[in-house]
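Got chain Z; can you put chain H on it based on the hints?
Line by line, the protein sequences are chains Z and H.
Just so we're aligned: 29 in my numbering is position 29 of the first sequence, and the numbers increase by one with no gaps anywhere.
Just so we're aligned: 248 in my numbering is position 248 of the second sequence, and the numbers increase by one with no gaps anywhere.
None of these hints come from the bench; they were simulated from the model.
Be aware that one or more of the hints could be misleading.
As a list, the in silico DSS-like pairs of lysine-lysine whose alpha-carbon atoms are at most 30 Å apart [claimed, not checked]:
| no. | chain 1 | residue 1 | chain 2 | residue 2 |
| --- | --- | --- | --- | --- |
| 1 | H | Lys96 | H | Lys84 |
| 2 | Z | Lys233 | H | Lys96 |
| 3 | H | Lys91 | H | Lys309 |
| 4 | H | Lys135 | Z | Lys96 |
| 5 | Z | Lys224 | Z | Lys84 |
| 6 | Z | Lys135 | H | Lys233 |
| 7 | H | Lys267 | Z | Lys135 |
| 8 | Z | Lys6 | Z | Lys96 |
| 9 | H | Lys40 | Z | Lys96 |
| 10 | Z | Lys84 | H | Lys91 |
| 11 | H | Lys233 | H | Lys40 |
| 12 | Z | Lys96 | H | Lys267 |
| 13 | Z | Lys223 | Z | Lys6 |
| 14 | Z | Lys17 | H | Lys224 |
| 15 | Z | Lys96 | H | Lys223 |
| 16 | Z | Lys135 | H | Lys17 |
| 17 | H | Lys40 | H | Lys84 |
| 18 | Z | Lys84 | H | Lys224 |
| 19 | H | Lys17 | H | Lys135 |
| 20 | Z | Lys223 | Z | Lys267 |
| 21 | Z | Lys96 | H | Lys234 |
| 22 | H | Lys267 | Z | Lys91 |
| 23 | Z | Lys84 | H | Lys223 |
| 24 | H | Lys224 | H | Lys267 |
| 25 | H | Lys223 | H | Lys267 |
Protein chains: 2
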Amino acid sequence: MEKYQKYFNTIESELSKIEYAASPDGLYAPVRYELSLGGKRVRPLLALLACELFGRDCRHALNAAVGLEIFHNFTLLHDDVMDKADVRRGKPTVHKVWDENRAILSGDAMEIIAFRYIARTEAPHTGAVIDWFLKTALEICEGQQLDMEFESRGDVTEEEYIEMIRLKTAVLLGGALKIGAIIGGANETDADLMYRFGESLGLAFQLQDDWLDVYGDPARFGKKIGGDILNNKKTYMLINAQRRADGADAEELSRWLTATQYDPAEKIAAVTALYNRVGAGELCLQQVDAYSRRAIEALRRVGVDDAAKQPLYDLSTALMKRDH
Amino acid sequence: MEKYQKYFNTIESELSKIEYAASPDGLYAPVRYELSLGGKRVRPLLALLACELFGRDCRHALNAAVGLEIFHNFTLLHDDVMDKADVRRGKPTVHKVWDENRAILSGDAMEIIAFRYIARTEAPHTGAVIDWFLKTALEICEGQQLDMEFESRGDVTEEEYIEMIRLKTAVLLGGALKIGAIIGGANETDADLMYRFGESLGLAFQLQDDWLDVYGDPARFGKKIGGDILNNKKTYMLINAQRRADGADAEELSRWLTATQYDPAEKIAAVTALYNRVGAGELCLQQVDAYSRRAIEALRRVGVDDAAKQPLYDLSTALMKRDH
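Just chain Z, with the same shape it has in the complex:
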């Protein structure tokens, strides 16, 4: 990602200015903390690159890009409260450093600060950018609600799962690219293609995340392998394994899903072996591949010189080649 350094510098410089002098510090310190945890800054980068693709200086998309990143971090902050997660990017979460009330309220403030940046987009694109942003923001809440509902449901279908990760993850990548394209001056067809590029890329990315949680190289994945299996998380692979397994496999899977006392390593090994037998891992990789190709195909159809798209092709490759 070194080639994007100049964009990252611009983004970090803008993020570092946010509400530093603002008072009360009790409200804004958690906002600064959450934004300082880092992350790949993929969403603002996508917005800036999309703007440049249509020949306009990416600085015009900077406010929107920063708004997207703040909103993304706000969702992480509140998701961590709802999931009771103790750690985010190797550091204690806001509700662990402070408390839950502080996490709720500073998240609410981040949501407002995100809107403030989005609304600073210059005319004549202000209205279109705000509309797409708010539509996307609400869809992300819908995705999080579905994700929470799925925890207590045993009959989640593959289609429902794809729709959930589309809402929770993919629409914001699509929205970032579309918003950047709109600010860049893209026509409607091209702005839509940029959205579909991001949406498909987001689905590929999330499905790959599911796969890596089981099959990734622990040294490169950055999280512990098998966490989803231990939590009975309804991933693409578990849903398909439940659908495909029969006889002894079905019984074994059901036993692991209801077991309360077990050796974690043993459960991970057994469920992984079962995924292998029914071909769930392979099926997941096929989907990753299909959505990746769909993403590239959408980008290819965007009506600008293909050479100008190289930074976006490269970024998709970098995102998908991350850890295996």
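Same frame as chain Z, but now just chain H:
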């Protein structure tokens, strides 16, 4: 408030349309529930009346008015989570009907829906309305943060308390009036005066709320009398009683503030008697009166025919004459 019925009908009709068909229901049912709890709808009414004061049909301010009411209800929803409040307007709070996660997430969605209405304000006022709304929204979060900080502080000054209630309550009344005025086509001076009218009215209203919590007629106040005293809530009266009490009074107040075992009725009676001795109730009423007069003075200076202001004069009177 009967004379405002046509405005209330318009507001309720618009609120009742919100996200009814939206999915997942798990996200939107709490939003509809919170909005159905009622309330006086003062903020949207102020925005509509302010718009009409400058001669423009109040329907132009309807989107902004509805956005203000949704935002206000969102703050109540999240405040109830933070305060662990079980009841809101005589009904169980969202986190009691569902759970905390649902209350956090549906509140986040309400915040977005509020922005969506605000952003629908027509040109050429869209930008100014969004700016004032976001500034006000962030100030409300700042007020809530100060309110939470004051709970664990023993040295809150009168000025700090006034600033906290200004942010938590008064700025939204000011913002509603200013936004309505902007949409109505008011010049900057008049829009500012409308803001100051609302801000002072909000301070008078909140200080009166403190007073009523001690001295109100239980049959008309709608809440139990003495709740603030039992909770050691740092109201205008407690802060001034602490400053004014000396000798035996100071000792007695300190004893009640640290007591863990007591008869509730006895504590309420003793602290009320102490407020009477040091004149804290009287001082509070003087402030209510001063801010009320300041509000009316600002409205009087607005550069339109005084007769046209009658609905706003009447509304201030109705708000301040509510329950004693």
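Pairwise hint evaluation, Lys96(Z) against Lys135(H), where the allowed Cα distance is 30 Å at most: holds (29 Å)
Just to be careful, I want the Cα atoms of Lys233(H) and Lys40(H) compared with a cutoff of 30 Å; is the pair within it? holds (24 Å)
Do the alpha carbons of Lys267(H) and Lys91(Z) lie within 30 Å of each other, as the hint requires? violated (46 Å)
For the pair we were handed, Lys17(H) and Lys135(H), check the Cα-Cα distance against 30 Å. At roughly 27 Å apart (the allowed maximum being 30 Å), Lys135(H) and Lys17(H) satisfy the hint.
Holds or violated: Lys40(H) and Lys96(Z), Cα atoms, limit 30 Å. violated (38 Å)
Pairwise hint evaluation, Lys17(H) against Lys135(Z), where the allowed Cα distance is 30 Å at most: Roughly 17 Å separates the two Cα atoms, so the pair holds.
For a C-alpha distance cap of 30 Å, please report whether Lys233(Z) and Lys96(H) respect it. It holds: about 27 Å lies between the C-alpha atoms, which stays within 30 Å.
Would the hint linking Lys84(Z) and Lys223(H) be met if the CA-CA limit is 30 Å? violated (35 Å)
Next pair to validate is Lys40(H) with Lys84(H); report whether the Cα-Cα distance is within 30 Å. holds (23 Å)
For the pair we were handed, Lys84(Z) and Lys91(H), check the Cα-Cα distance against 30 Å. Roughly 28 Å between the alpha carbons, so the hint for Lys84(Z) and Lys91(H) holds.
Measure nothing beyond the straight line between the CA atoms of Lys135(Z) and Lys233(H); if it is 30 Å or shorter, mark the hint as holding. violated (40 Å)
Straight-line Cα separation of Lys267(H) and Lys135(Z) no greater than 30 Å? Distance ~52 Å between Lys267(H) and Lys135(Z) Cα, so the pair is violated.
In this structure, the earlier hints numbered 3, 6, 7, 8, 9, 12, 14, 15, 18, 22 and 23 are contradicted, and the remaining ones agree with it.
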